[in-house]
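Since the structure of chain A is already known, use the hints to place chain C on it.
If you want the building blocks of each chain, they are given just below.
Number of protein chains: 2
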Amino acid sequence: MEPAYRIVPHLQDELDQLKARLLVMGGEAEERVRAAVRALVERNRELAERVLEDDDLINDLDLEIDERCFKLLALRQPVATDLRVIVAGVKINSNLERVGDFAVNIAEAALRYMEHPPVKPLIDIPRMADIAQGMLRDALDAYVALDTARARAVLGRDDALDALKGQVFRELLSFILENPAKTEPALDLILISRHLERIGDHATNIAEEVIFIVSGRDVRHHAQEGGAD
Amino acid sequence: MEPAYRIVPHLQDELDQLKARLLVMGGEAEERVRAAVRALVERNRELAERVLEDDDLINDLDLEIDERCFKLLALRQPVATDLRVIVAGVKINSNLERVGDFAVNIAEAALRYMEHPPVKPLIDIPRMADIAQGMLRDALDAYVALDTARARAVLGRDDALDALKGQVFRELLSFILENPAKTEPALDLILISRHLERIGDHATNIAEEVIFIVSGRDVRHHAQEGGAD
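Respectively, the protein sequence lines represent chains A and C.
Sequential numbering of the first sequence, starting at 67, is according to the numbering used here.
Sequential numbering of the second sequence, starting at 67, is according to the numbering used here.
Bear in mind the hints are in silico, worked out from the structure with no lab data behind them.
A virtual CB, placed ideally from N, CA and C, is assigned to each residue, including glycine.
Hints are supplied without guarantee of correctness; some may be wrong.
To be verified - Derived BS3-like pairs (lysine-lysine); straight-line CA-CA distance at most 25 Å:
(1) LYS186/C with LYS137/C
(2) LYS85/A with LYS157/C
(3) LYS248/A with LYS85/C
(4) LYS137/A with LYS157/C
(5) LYS85/A with LYS186/A
(6) LYS85/C with LYS157/C
(7) LYS157/A with LYS137/C
(8) LYS157/A with LYS137/A
(9) LYS137/A with LYS248/C
(10) LYS248/A with LYS248/C
(11) LYS137/A with LYS137/C
(12) LYS186/C with LYS157/C
Claimed, not checked - Partner residues aside, some chain C positions facing chain A, computed with beta carbon under 10 Å:
(13) GLN83
(14) LYS85
(15) PHE136
(16) ALA140
(17) ILE197
(18) THR214
(19) GLY232
(20) GLN233
(21) GLU244
(22) LEU253
Pulled out of the complex, with its shape left as it was, chain A reads as follows:
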């Protein structure tokens, strides 16, 4: 005989689970970016190809998390901060999915790059990757803990990434002008630097969502210089 009651998980537990899944997805996105950049630096074709193929986990997480958010909205009818956390979860999910796409783009560019002799020692690009990955990790931690200080710190790091992107561009442009045979691989490095800068951009979006959840203050469209690049 069926019991007359059902044990329903506490909403907070379900929110914690949502956050945990987003952390897993963030970790997976980050790992794919790391692998793609490593493939570039090591000229490791096999590793780059693995990044292109192994997108099942991140795609599954994307769909799963979307479903979780939807169910929470439909069945729990949350309000106030809980509602903001869930709606932000939908957006963060999209941001992380895009980061996964950038990892693929970086891996594709790395494969093209490997077809040519190296243009230069890779220093700025791995540095950009470290910064972008750190921003992403911290933005997600800020979301889980609803920590606006940590979120604001992420916003501050955007400039370092922008500066490196400019530096990479100027340096590679001079290589191309000096020796047009280097154009294609140099272009791929420029594209990779842009993908990394966009990853930082998405980390910034996540951080802005956190600030909005906690303070109700919309820092979006104030922090941005008006371009997504």
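Chain C in isolation, oriented as in the chain A frame:
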């Protein structure tokens, strides 16, 4: 004396209003892309600078629509298709905001491009712009009408944009190899073609959301080749 009742708008009217605002935002995003590309083709500095400055409307719409979605979720506690329409509204809002950012990126690249003699007559880029704008318009119309046939038609046009992007790249690469002095402006055209391809990408995302709302079938991660570019 206050009446004992309140006239509450019908939920369908509020959903229609949400859709109407998204159409306005879509139109504004599209208009800014059109202006940016026109500025490039006409070498019109003033028009390009206007695109960079006039982002108030689209930013205001972004915040307003987010707020509408939030209120609908909090106060109306929608379920089923209505809930999907609202959650999709949140995502479409983000997509359109990014399209607005791409318009800014195109305008910035156009301004840089104008600093140099023209590299070539601009044919493929305006064509890409037309396709991307058409995809965006149709994706939004599909959302408003929950028309999956129209949504699927949008998905089909992604390939044309990809093909043009490849064509633009190959042609500009040959210009650079022929004459390295053309590197910077040629690079800016390559970047513009990539921004336009990404706009088509965002139109595709919107179309995929429509199909998901109506059929519950997730076409995301099936249609994509795995990269956002």
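- Which of the listed hints are not met by the structure? 1, 3, 5, 9, 12, 13, 14, 17, 18, 19 and 20
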